[in-house]
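Those sequence lines, one after another, are chains S and D.
For the first sequence, the numbering used here begins at 1 and goes up steadily by one.
For the second sequence, the numbering used here begins at 113 and goes up steadily by one.
Some hints here could point you the wrong way.
Straight-line Cα separation of at most 30 Å, DSS-like style, residue types lysine-lysine; simulated pairs [as the list claims (entries may be wrong)]:
(1) S:K42 with D:K190
(2) S:K68 with D:K136
(3) D:K180 with S:K42
(4) S:K68 with S:K104
(5) D:K180 with D:K136
Think of the hints as simulated: they come from the structure by calculation, not from any bench.
Each chain, letter by letter, is given below.
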Amino acid sequence: KQEVTQIPAALSVPEGENLVLNCSFTDSAIYNLQWFRQDPGKGLTSLLLIQSSQREQTSGRLNASLDKSSGRSTLYIAASQPGDSATYLCAVSPNSGYALNFGKGTSLLVTP
Amino acid sequence: DAGVIQSPRHEVTEMGQEVTLRCKPISGHNSLFWYRQTMMRGLELLIYFNNNVPIDDSGMPEDRFSAKMPNASFSTLKIQPSEPRDSAVYFCASSQGARMETQYFGPGTRLLVL
């Protein structure tokens with residue numbers, strides 16, 4: 001069974017810092033990997049989707065990388081802002097089946 | 113587009129009562145997913161529909177849970193009878209395809225069973 005782990009569980013940084021969130025998965029037979037953002041009391045918003053054949057995706061200040069062979073992905077946030085404060089979730093889609101397997105998330109707090 | 117719409121946003125009920133959660137997916141999306149989120153277990157897929165047909169219901173915890181999608185614009189998740197351990201946030205998500213495409217999540221229904 002696919003296990004998705006996110007480290008750290010919580011992170012607090014001052015505004016302006018660059019930061020990296022980590023995601024690891026146990027089964028490298030994935031179809032794609034997604035990073036989501038969840039604000040308190042809200043649903044999930046997709047940030048980046050990386051197909052298994054891709055190495056990275058970028059959107060604005062966000063960059064996500066994927067190393068399928070080692071079962072790792074990172075989400076890099078440049079020049080963090082207080083508005084980036086949220087929980088970030090990593091999810092992998094298996095080669096067979098449809099269930100996205102989610103990590104438990106990293107709770108990020110960016111202080112002014 | 114209004115995005116994925118879920119109702120109610122909050123539900124408080126007593127153990128043994130029937131609970132019905134509702135979802136309207138984004139127009140044109142042919143895949144619909146029901147998820148449950150708890151602190152202990154995180155986000156888990158309950159059931160997946162494609163073109164209104166249930167494809168994978170292996171995540172449905174037990175017979176007390178049932179889901180329907182009578183048409184492309186409406187789905188329900190029913191719990192009967194409800195139990196305190198069903199307390200969670202239930203999300204509905206939709207996408208244009210099952211796997212290639214991004215899933216768009218609704219705001220969720222926060223369920224508390226007393």
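message = Checking one constraint from the list: CA of K42 of chain S to CA of K190 of chain D, max 30 Å. Satisfied?
response = Holds. K42 of chain S to K190 of chain D sits at ~22 Å (cutoff 30 Å).
query = Taking only the CA atoms, is the gap from K180 of chain D to K42 of chain S under or equal to 30 Å?
reply = With a Cα-Cα distance of about 24 Å, the restraint between K180 of chain D and K42 of chain S holds, given a limit of 30 Å.
query = Is the hinted pair K180 of chain D and K136 of chain D satisfied, with a Cα-Cα distance of at most 30 Å?
reply = holds, 12 Å
Pairwise hint evaluation, K104 of chain S against K68 of chain S, where the allowed Cα distance is 30 Å at most = holds, 20 Å
key: Pair hint outcome, K68 of chain S versus K136 of chain D [Cα-Cα no greater than 30 Å]   = violated, 35 Å
Hint compliance for this structure: hint 2 is the single one not met.
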